[in-house]
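Listed below are the residues making up each chain.
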Amino acid sequence: MWGSFFRMGFRVLMRQKNYFLLNLAGLTIGIVAFVFIYLYVENALYYDRSWKNYPHIYRVNETYSTGGKEEKMALTPYLLADTLKNNFPEILQSTRLFFTDPSDKNDVSSVNYRGKMYDIPNLTIGDARVFKVFNYRFTEGNPDSCLLNPNSMVISTTMKQKIFGNKPALGKKLKTSIRAYTVSGVFDNKNRPSHLEFDAIISFSSLDKKEQKQLNTNWFWMNCYTYVELADTVNVREFIQRANYFAHMAIGKFVKKQKIKINGYMHLAFQPIQDIHFSQGLLYDSHSNINMTYLYIFVIVALFILLMASINYINFATARSLKRVREIGVRKVMGVFRKQLMLQYISESLIITFTAFILSLSLVELLMPVFNSLVNRQITLVDSLFTGSGLVFGMILIIFMLLLALFSGSFPAFVLSSLQPVEVLGGRGLIFRGRKKHSFTAAGLRKFLVVIQYLVAIGVIISTLVIFAQIHYVKNRPLGFDKKDVVVINSPADTSFRGRASAFVAALKSDTAIEQVATASSLPGYLTEKILVRTSDSSAGHLQTLDGFFVGYHYFNLLKIPLAKGEYFSSAKKNDSVEHFIINEAAVRFLRLEHPLGSYLHTPYTKKGIIIGVVKNFNFSSLHQQIEPLIFMLKPQFVQYVVVRINPYERKEALAHIRNVWKKYNKGYTMYYTFLDQKLDTLYRSDQKMLSLFFYFSLFVIFISALGLFGLSSFLIEQRSKEISIRKVLGGSEKQIVLMLVKEYVVLVLVAGLLILPVVYFFIGKWLQSFAYHINMSLCYFVGGIVLVLLVAFVTVLLKALFMVRKRPVEALKYE
Amino acid sequence: MIETKQLKKVFKSADIETVALAGIDLKVEEADFVSVMGPSGCGKTTLLNLLGMIDVASSGSYRFMGKEVYNLNEKQITRLRKENIGFVFQNFNLIEELSIWENIELPLIYQGIKKSERKRRVREVIDRLEITHRKDLLPVQLSGGQQQRVAVARAIVTRPRLLLADEPTGNLDSMHGEEVMNILDELNKEGMTIVMVTHSHHDASYSRRIVHLFDGQIINENLNRV
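Protein chains in written order, with the working numbering: chain H, 1 to 816; chain A, 1001 to 1226.
Because the hints were derived from the structure by calculation, they are not lab data.
One thing to keep in mind: the hints can contain errors.
What the hints assert, rightly or not - One side of the interface only, derived from the structure: several residues of chain A facing chain H at Cβ under 8 Å: (1) Ile1054; (2) Asp1055; (3) Thr1078; (4) Arg1081; (5) Lys1082; (6) Phe1087; (7) Gln1111; (8) Ile1113; (9) Gly1170; (10) Ile1210; (11) His1212; (12) Phe1214.
For glycine and all other residues, C-beta sits at the position ideal for the given N, C-alpha and C.
Could you build all of it, start to finish, from the sequences and the hints given here?
Below, the structure is given as structure tokens:
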């Protein structure tokens, strides 16, 4: 019996090809969007949950304050891991990884193997216990001993594949410009979503002994991520208190020994490792962290997309089935049972839903690489959908499809098959007539559903417009210096470069395409140092924290940072007995200096210094943040970056010249460089990502809601085909009738727009507040969003209305 | 007023051709009252639709008030129709969402007539057809006879020169049918040209001329009660 139902179903669908395709497209797109969002959310929730003892692994974060300003960061001093482990037996294991910034690399991140250079995207330094806490599967080497020896390097399977192909890597030498490392292990990082994103680790013992000793004694040198694994019997809250008390005492001792006066505090926070992916607001935290709110928004959007697709599907199915009342009438006269009618409809529905299901999974698989590059993940459909919790999701999806088929099939069957045969055959081709009330509520419900869809569509589109405008704004807002046409070259890590730096700089200047060259170890958009200073007259002599820039001569001229008072650094006036400092206006206010010029500042580790200049405030970090107090110290010998202003009309020549000079002075070193404005743009990477996600949401939502409106308007307009004919016969022009038909839907969209306004205003307003500098939410974004949706809706309905109105009136009247 | 020559209408579906009208030559003079009779499927309604310009012939010529209709474009045809032709249908074809007044007013709106003038003219016809007291009701609230009065009112409110009626009494009992026929008779006496399709010999007896159709052809024309 089912066979005949499916045969009939296929015939019906083939006859109504347009309906079949539209319905299939809507449902498929809905499922595709839903599955993608599910995969993303599932992946995010799985972050750092693959470690064998993850519920008991914590990262130690730090909250500290000096001089009243509190800051939170993910970094802690190197010595913390050992100190805690040695004093608290409940810590089963502790380990640490050095902070590295993968977006700011020098030649050390490229290794030479048999004469070929390979770039390691994310290289870090770790102690020997890293793999005791993070139990990666090793394909080569021993995880327990691989980081014990100096100059050992453990690489990921991806790196191994890139460098060695299918040959074994263990024991092979990888050379950087400063030393050779021995590959001591290969770990598999596939299907291990984690905030740890390193591609290779160098053993801590590779650092020189002097540096190791410093690291092991200094509480104020924060450069490591510290992880601890606690015994599962530990009362965590109580442990944290004890650990903090211990750290407090230890720091007190350290401060006393160093003879530092400081008014502040440092507090350790133990963050469960699976929470890290969602943590926000910590300095030096992982770039891949996401905001939990976004995740909620994604889930809501996903559910809405699926709901919209389902509503449209049911709407469509019902509307279409009205065309078949005659067929039903005939079948009823022949004595069909309602159950058989239902089965007939359900089998048609099953054909569509399962075609859509298979089609959408194929599409997901096909689009996976695009999706992965968009969200910067390595998700595979097979791993996520057919294993573990994915299997459950797969089952749920299948059950959902079954239910959808069942419901969308039985609804029209139920309504239509409940009609008396004479009602359907009696010439009244249209249902619900003579049952005015029923028809009104059915239409009302459909209109309500359409308003809901447009609510979502308008909301998403307005959000997209505002996000776009804000990102455009932050990328183009004047920052108080000139970021254009500045090339930043990362110096070789080799200390021997210092000896030839000035010759390198002089050689760079020799071409007319180069306008200016300066050296520095700090730049806007890069990470800054934190400097402790006190003023001469601060009564208690307490230290306060400022952001610090170490720069060489010509720095201010090159970046065009304007002076408010005093002068720039100059070699002519250099007095070796005191340091020269320049501060920004924010620092003048922060340190409460009435006459900054000539004032002295003291730091714990350097000579006292005199303020010789005050520069105007400029944005040196992302526009999410206000301009912080900043101090410039003259350090011509620190040449982490060579900064070059090039002639914008001779870009090509300038870059060629820079490359040539690099080759001449730094033979064998890989040159890493970037344009300063591009580097600044990366500060908004996560915002940019959100924009692209919202852009795709918009496409999905517009498409699905347009489809929904098309379905609804088709249904309602077709129901009115007779009225349209009468109006035509009475002399109504096409224009008049089409306008009459379209007007109603325009009103629906406007209502949806008005309803969603306050919601969007609230949420997008909140997002904008995350920027210290942001656009004002003007009415034009709202109007723009509504007009856009209106246009799509207008065209959608217009198509159907025109089609109906163009029909000759006799066609609708002839059956009378 | 109307002159058709070899008017043909063929319906095509898949590979079957159905000839609805097989060459009609018909002349209707001003102020005439013509009944079209014949068995079901003989092409009566098709002929009326062609005369009313809501359908197009497959071939042949149709002159309306001296103009060859098939030489005009869509817009010109619409204008010719809405200024000169009124329709009355068997099942009334009132718009259910509009009140009686609004139904009658509709063709005037489509003719672009000013509001005050519309008001005057609608009042004139509803007074004449004695439906004034029901002007604010919806069509479903009226009996069949009353609905057909409204339909007639709507057809004549534009003061057409030609009234096309497709079985105007087909859905009415004899008393109400009689009323509608009396109205049509009156209108004809005032000079309105009427073409009416009917099955009823009684109704046909009101007309001046009867045209008999069979299988899409005129087989017989006879004058009635001259």
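The hints, checked one at a time:
1. For the restraint placing isoleucine 1054 of chain A at the interface with chain H, the shortest Cβ-Cβ distance is roughly 5 Å, inside the 8 Å limit, so the hint holds.
2. The closest approach between the C-beta of aspartate 1055 of chain A and any C-beta of chain H is roughly 4 Å, which is under the 8 Å cut-off, so the hint is satisfied.
3. With 8 Å as the threshold, the beta carbon of threonine 1078 of chain A comes within range of chain H, its nearest partner Cβ sitting at about 7 Å, so the hint holds.
4. Evaluation of the arginine 1081 of chain A hint against chain H yields a held restraint, the C-beta minimum of about 7 Å falling below 8 Å.
5. The interface hint given for lysine 1082 of chain A is met, as the beta carbon of that residue sits about 3 Å from the closest beta carbon of chain H, less than 8 Å.
6. Interface hint at phenylalanine 1087 of chain A: satisfied, since its Cβ lies 6 Å from the closest Cβ of chain H, which is below the 8 Å cut-off.
7. Against a cut-off of 8 Å between C-beta atoms, the interface hint on glutamine 1111 of chain A holds, since the closest Cβ of chain H lies about 6 Å away.
8. Taken as an interface hint, isoleucine 1113 of chain A does not check out: its beta carbon lies about 11 Å from the nearest beta carbon of chain H, beyond 8 Å.
9. A hinted interface residue such as glycine 1170 of chain A counts as satisfied when its beta carbon comes closer than 8 Å to some beta carbon of chain H; here the least separation is about 10 Å, so the hint is violated.
10. Nearest Cβ of chain H to the Cβ of isoleucine 1210 of chain A: about 24 Å, over the 8 Å cut. The hint is violated.
11. The beta carbon of histidine 1212 of chain A is not positioned within 8 Å of any beta carbon in chain H (closest approach about 22 Å), and the interface hint is therefore violated.
12. Here the hint on phenylalanine 1214 of chain A is broken, as its CB sits about 20 Å from the closest CB of chain H, past 8 Å.
Against the hints set out earlier in the document, violations occur for numbers 8, 9, 10, 11, 12.
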